[in-house]
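S.K.: Counting from 1, one number per residue, gives the positions in the sequence shown under this note's numbering.
The hints are simulated quantities; they were obtained by calculation from the structure and are not laboratory data.
Being a predicted model, the structure only gives us computed values, none of them experimental.
Take the hints with a grain of salt, since some may be wrong.
[Said to hold, decoys possible] Pairs of lysine to aspartate or glutamate residues, derived as EDC-like cross-links and limited to a Cα-Cα distance of at most 20 Å, are as follows: (1) 58 - 23; (2) 58 - 42; (3) 58 - 44; (4) 58 - 74.
[As the list claims (entries may be wrong)] What follows is a list of derived Cβ distance ranges for each label pair: (5) 68 - 139: 37 to 45 Å; (6) 114 - 136: 18 to 26 Å; (7) 108 - 217: 17 to 25 Å; (8) 40 - 86: 18 to 26 Å; (9) 151 - 112: 29 to 37 Å; (10) 232 - 173: 15 to 23 Å; (11) 24 - 138: 19 to 27 Å; (12) 98 - 152: 23 to 31 Å; (13) 75 - 173: 36 to 44 Å.
Glycine residues also receive a C-beta, built at the ideal position from the N, C-alpha and C atoms.
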Amino acid sequence: MAGAANGFRALVFDVDGTLAETEELHRRAFNEIFAAFGLDWEWDPVRYRELLRVTGGKERIRAYAETLGTPLDEGLVRTLHAAKTQRYAQLVAAGELALRPGIRELVEAGRGAGMAIGVATTTNLPNVEALTRATWGRPATEVFDVIAAGDMVRAKKPAPDVYRLALDELGLAGHEVIAFEDSRNGLLAARGAHIPCVIAPSPWTLGQRFDEAALVVDEFSECLPLSRLLTRVSETI
Numbered sequence: 001m002a003g004a005a006n007g008f009r010a011l012v013f014d015v016d017g018t019l020a021e022t023e024e025l026h027r028r029a030f031n032e033i034f035a036a037f038g039l040d041w042e043w044d045p046v047r048y049r050e051l052l053r054v055t056g057g058k059e060r061i062r063a064y065a066e067t068l069g070t071p072l073d074e075g076l077v078r079t080l081h082a083a084k085t086q087r088y089a090q091l092v093a094a095g096e097l098a099l100r101p102g103i104r105e106l107v108e109a110g111r112g113a114g115m116a117i118g119v120a121t122t123t124n125l126p127n128v129e130a131l132t133r134a135t136w137g138r139p140a141t142e143v144f145d146v147i148a149a150g151d152m153v154r155a156k157k158p159a160p161d162v163y164r165l166a167l168d169e170l171g172l173a174g175h176e177v178i179a180f181e182d183s184r185n186g187l188l189a190a191r192g193a194h195i196p197c198v199i200a201p202s203p204w205t206l207g208q209r210f211d212e213a214a215l216v217v218d219e220f221s222e223c224l225p226l227s228r229l230l231t232r233v234s235e236t237i
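All chains, full assembly: derive it from the sequences and hints.
M.R.: Here it is in structure tokens:
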């Protein structure tokens, strides 16, 4: 059982936009794969921001095709997404990604306090693996005690499924965990699992509503020292 600090036993992080500013690399990977497959699709930043309201890469592909009135065969959707995942991993491995300020320190502080460290994400496990190897230089299982990914649950964020899976794996209740997110969809997912949530918006989620958050900061570095954060969040419960 993980150690307790102010009654909290675990820190659980979203991935895209939270651990790192990944969305621009995702957008580039999507566009490169669309071109490679002969699709006349180009997701510019404005359109991609709108598409981020739909959680999950395959889901975004389907949603965009439907807006064009040209639904894609499900096999092609899976093929496109698999190719995009591979291309994204290549971009990440090339060193085009860095952790957001404060993330590494929060993980280390949590470990030092005897807390469990987990991930609850809409993205898939290969993307988590690519990120940890590029930024920590280690496999995801050496960085996180629990990894709950979008391809492991029935419903993606804003549904709470992925956070409930993380809680089950941790053997903890929601009030014993703090979630870290960058988006309203992630916030709603965490709150749906009764987990207090700290928000640091990314460039892609600025302007979203975060009324239900325990705390909203500009960057996760503002959450340090961890002892102060735990006190602040405990006062909101």
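S.K.: At the C-beta level, are residue 114 and residue 136 separated by a distance inside 18 to 26 Å?
M.R.: Holds, since residue 114 and residue 136 (Cβ atoms, about 20 Å apart) stay within the stated range.
S.K.: When you take the CB atoms of residue 40 and residue 86, is the distance between them in 18 to 26 Å?
M.R.: Given range 18 to 26 Å: holds, Cβ gap about 22 Å.
S.K.: Assess, step by step, whether the Cα of residue 58 is no farther than 20 Å from the Cα of residue 23, and give holds or violated.
M.R.: holds, 15 Å
S.K.: Quick check: does the Cβ-Cβ distance between residue 75 and residue 173 fall within 36 to 44 Å?
M.R.: holds, 41 Å
S.K.: Looking only at beta-carbon atoms, does the pair residue 232, residue 173 fall within the given range of 15 to 23 Å?
M.R.: Given a distance of about 20 Å, which is inside 15 to 23 Å, the answer is holds.
S.K.: May I ask you to test the hint 19 to 27 Å on the CB atoms belonging to residue 24 and residue 138?
M.R.: holds, 24 Å
S.K.: Quick check: does the Cβ-Cβ distance between residue 151 and residue 112 fall within 29 to 37 Å?
M.R.: holds, 31 Å
S.K.: Honestly, do residue 98 and residue 152 meet the 23 to 31 Å range at C-beta?
M.R.: At 27 Å between Cβs, range holds.
S.K.: Determine whether the Cβ-Cβ distance between residue 108 and residue 217 falls within the hinted range of 17 to 25 Å.
M.R.: About 18 Å separates the Cβ atoms of residue 108 and residue 217, which means 17 to 25 Å holds.
S.K.: Do the alpha carbons of residue 58 and residue 74 lie within 20 Å of each other, as the hint requires?
M.R.: holds, 9 Å
S.K.: Please verify whether residue 58 and residue 44 have alpha carbons no more than 20 Å apart.
M.R.: holds, 18 Å
S.K.: Take the C-beta atom of residue 68 and the C-beta atom of residue 139, compute their distance, and say whether it sits inside 37 to 45 Å.
M.R.: Cβ of residue 68 to Cβ of residue 139: about 39 Å, so the range 37 to 45 Å holds.
Of the numbered hints given earlier, the model fails none.
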